[in-house]
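Asks: Here the protein sequences come in this chain order: A and B. Its first residue numbered 1, the first sequence is counted upward by one per residue in the numbering used here. Its first residue numbered 1, the second sequence is counted upward by one per residue in the numbering used here.
Be careful, since some hints might not be right.
[As the list claims (entries may be wrong)] Per label pair, the in silico range of CB-to-CB distance: (1) A:MET1 x B:PHE290: 26 to 34 Å; (2) A:MET1 x B:LYS421: 51 to 59 Å; (3) A:SER137 x B:SER263: 49 to 57 Å; (4) B:ALA314 x A:LYS131: 26 to 34 Å; (5) B:LEU271 x A:LEU18: 50 to 58 Å; (6) B:PHE290 x A:ASN69: 56 to 64 Å; (7) B:ASP260 x A:SER137: 48 to 56 Å; (8) A:SER10 x B:LYS410: 24 to 32 Å; (9) B:GLU453 x A:ASP127: 47 to 55 Å; (10) A:GLN21 x B:GLU453: 56 to 64 Å; (11) A:LYS131 x B:PHE290: 23 to 31 Å.
[Stated by the list, open to error] Chain A side only, calculated, beta carbon under 7 Å to chain B, not exhaustive: (12) MET93; (13) LEU128; (14) ILE129; (15) ARG149.
[Stated by the list, open to error] The calculated EDC-like cross-link candidates involving lysine to aspartate or glutamate, where the alpha carbons are at most 20 Å apart (straight line), are: (16) B:LYS421 x A:GLU145; (17) B:LYS327 x A:ASP101; (18) B:LYS326 x A:ASP138; (19) B:LYS297 x A:ASP2; (20) B:LYS421 x A:GLU148; (21) B:LYS297 x A:GLU84; (22) B:LYS297 x A:GLU115; (23) A:LYS61 x B:GLU315; (24) A:LYS104 x B:GLU321; (25) A:LYS104 x B:GLU396; (26) B:LYS560 x B:GLU640; (27) A:LYS75 x A:GLU115; (28) B:LYS327 x A:ASP138; (29) A:LYS26 x B:ASP294; (30) A:LYS61 x A:GLU130; (31) B:LYS326 x A:ASP60; (32) A:LYS104 x B:ASP388; (33) B:LYS425 x A:ASP138; (34) A:LYS108 x B:ASP294; (35) A:LYS104 x B:GLU325; (36) B:LYS407 x A:ASP105; (37) B:LYS288 x A:ASP138; (38) B:LYS326 x A:ASP2; (39) B:LYS322 x A:GLU98; (40) B:LYS297 x A:GLU85.
Quick caveat, the hints were computed from the structure, so don't treat them as lab data. Every residue gets a Cβ at the ideal spot worked out from N, C-alpha and C, and that includes glycine.
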Amino acid sequence: MDSIYKLMHSKSPRIEPLDYQNIVEKYAAKGGVKEKDATKFFENYWMPFAWAAILGFINDKSLPLDESNCLQPFKFQTIYNGSEEIFFALMLMVVGKEGYDILKDSSKMTKVIEEHAKGGFQLINTDLIEKGEDYYSDHNNFLVEILER
Amino acid sequence: MILKEITLSNYKSYYNKCNIKFSEGLNLISGHVGAGKSNLFDAFQWLLYNKTDGKELKDIANQKKLYEIESNNSSESIECFVSVVFNNKKIDYTVKRYYSLTFRTNNWVIDNEDYSIQFEDPITSDFKLFSTSQGNNYKIEHEINKLLPTSISKYIWFQGETLEKLIDFTNPKTLENAVDFISYLNVYSKMEEISLDTLNLIEKKLHNKHNAETRESNKFKKAEFEKKKAEIGIGSCSTKIKELKEELKKLNQREKKCNDQLSILADFPDLLVKETNINNQLNEIRGKRFTHYDDLKIQYINKWILKGCDPLIAEGLTFFEKFNEKKQSLITENNKQLQEGIPGDKLINKMLNEHVCLICLRDAPEGSDAYKNIERNLDKNKEIKILDPEIQSQSEIIASFGSFPNKIHKIINNIEEEINKSYDKEEELQKSENELNDALNSVKDEIKALEAEKGSILKNLNSKLISSERESIQSQQKTKRNQIKHYEIDLTRYKNIFLAQKKILDNLLPKSIKYPEKDAVKYLQYINELIESRTKEEKIELINKIEETTNKIQKTIVEKHKEKIIVLYAKIDENDFSLSFVDKDGNPTPGHGAQKALVKMSIISAILKLSNDYKEQSFPFITDAPASDFDLEMTIPFLESVSRNFNQSIVILKDVKDQLLTLKKENYISSIKKITLLSPENKSASMSNSYTNIENI
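So that you can see chain A by itself, here it is in the shape it has in the complex (with noise of 0.2 Å):
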């Protein structure tokens, strides 16, 4: 039986540097450490990158990626494991985007969100930028930036 599972699970979505830098470190504890990071929102890489491909979607905003140095932090597979929601969300948004036939790609499918994210990377990073570099320090405007969607 094929599953959508089975489809993306061992796929990594990719990241580029500086938003992984600027990003994902910045707001993420490094996954495996046992002492709470405080100062920082999330506890796993993947869920900034989450953040950012579900903004960059609902912002309808979608950027090539630049080939070179990406990086691979983690598969689908962690995004299933810590949270099946987000996972399906993610794949009901590229099929939303590109209809039930890129289901049959996964490469494809593995583009398009990792493409989304990039858009979201941006609207963060213009964010921090209009906002202040802070801005996403206090976790209140984390909450913010929801109830303005």
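Position chain B against the provided structure of chain A, taking the given hints into account.
Replies: Just chain B now, kept in the frame of chain A:
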């Protein structure tokens, strides 16, 4: 003391009576070899110490005189003598050694021999004469020794040619003896000897007395023992009481501190409790806020982050619906095809039950190949095997989304409400925290105001801890007081015993002997220790003084003549009194004969000079041929040095010939006498026809 004059009568080369007068300062006597210089020196030695170098008296008489008597066969007696007049503390002492010779029957016979000293008694002003003819040998010796102590005489009467023999500075004893002379160490030594003898005597006596007393007084002994025991008890109890009182004092101070603190705290316990309670509540609220924050993060990533995704998700679901429609149409079409070609399950089951194929009517017994073929067609028309594998896969993938789309939809619908609830909760917690903070600040302000009034100690006080500490202190105080009481009882008991035993001893004492000797022993032991340490100190002090004075003398010599001579300095070891020579920088140097002789002369000068300083005794310095190594260049500095260091000095020099007139001009020389040997013209000089002539220059 000075030597005023010497008179020689028919002594060695001195024919008939010759008198030489000396004055204070430097008296120089010069003469060529054999003129009689050393005879003059020998005259002193004979006079004072009866030294004749092993010669008989006849042989030290003037040979010219003897020859004259013998030639004339005269019965005339020859008077031979040497006498000197010393002036010491304004009193003249005349010392004379005398004998007379008579030529009888071809032999020289000694008629009279005498040794005498005469002076005016400084106390009674009586004229005193002690002579051997009167049997006063001891008195003469005593008086001479008073004038010229034996221990110093070798430095006073000094013959340079025998310097090394006479004064052996390589022998440490030489300087040690000099130190003994200069100081009163001999007196100390005698005192020590006497004190030790006395000590022994007293201790012996004391021992005997003690033994006798001990035997007689066991009761005394017992009482003394008990008294001693009581004394120890009193001492130990008093010490213990003192210690305990000290400890109690400290405990009292600590108790007072606790009381003070508690009295301060008594006014504000509520505030402190309130502060603690608020702090506890604050901690609780902060804990809740922390938990809330954690919860918020979980909610955020699992749910709230999806806000706004619903249109796209709905779009996705629309695509799923489209796909399902497509799939359904395919299935319907296929089902139609199946119904036409394949019999239904009802007919197949009938064939299997009847074991016959109803299509071809052949038998199909159970288990046969025909039966299995019929059976294989069961349920075939229910499966959608007719769908394209790609569509089938897509269908499976879409099916794998299961109920999640609905779940996500529900989540998204509730997000706003949940976020608002979370906000409310956060607000509520924040409000509580703010209120508590306000309350805390208010309490703190109150405490601060009270601290300002009562002092900052309030801040760190804890009434419970202080009370518990005070209880512990009070318990310790109680123990200490009990201990003090106990020791005070013991102390009283010991005091009573002490007084009782003292009474017994007082009653016994008249019968017993008190030992004043014990004190005497103590004092004598103290004196001995004092003498011992003083002797050691004084020896070191004096040996350093000798070194210092010697080097000072040497320095004055070199100062005036540094271009002509190089002077050595003395280094005397204060431990073993050994002498070594060093240069001006203190580096060891061997030096040559004349340089070393000069140092030795300076040491002699230093010893005599220090003797003057220490004992207020001054002696003339009389030397014959001070150093054979000296040339004129060395002699002049030496003479200058001698003149500076001695009140009176008599230096007998080898013939300085032309230099005499030069020396005469020197103002440090008081008198110069020239000694010559006179003999008849046209005859070679012999002892029987020549004699010494003294001439003032």
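Asks: In ascending order, which of the hints set out earlier in this document are inconsistent with the structure?
Replies: 1, 2, 6, 13, 14, 18, 19, 22, 28, 31, 34, 36
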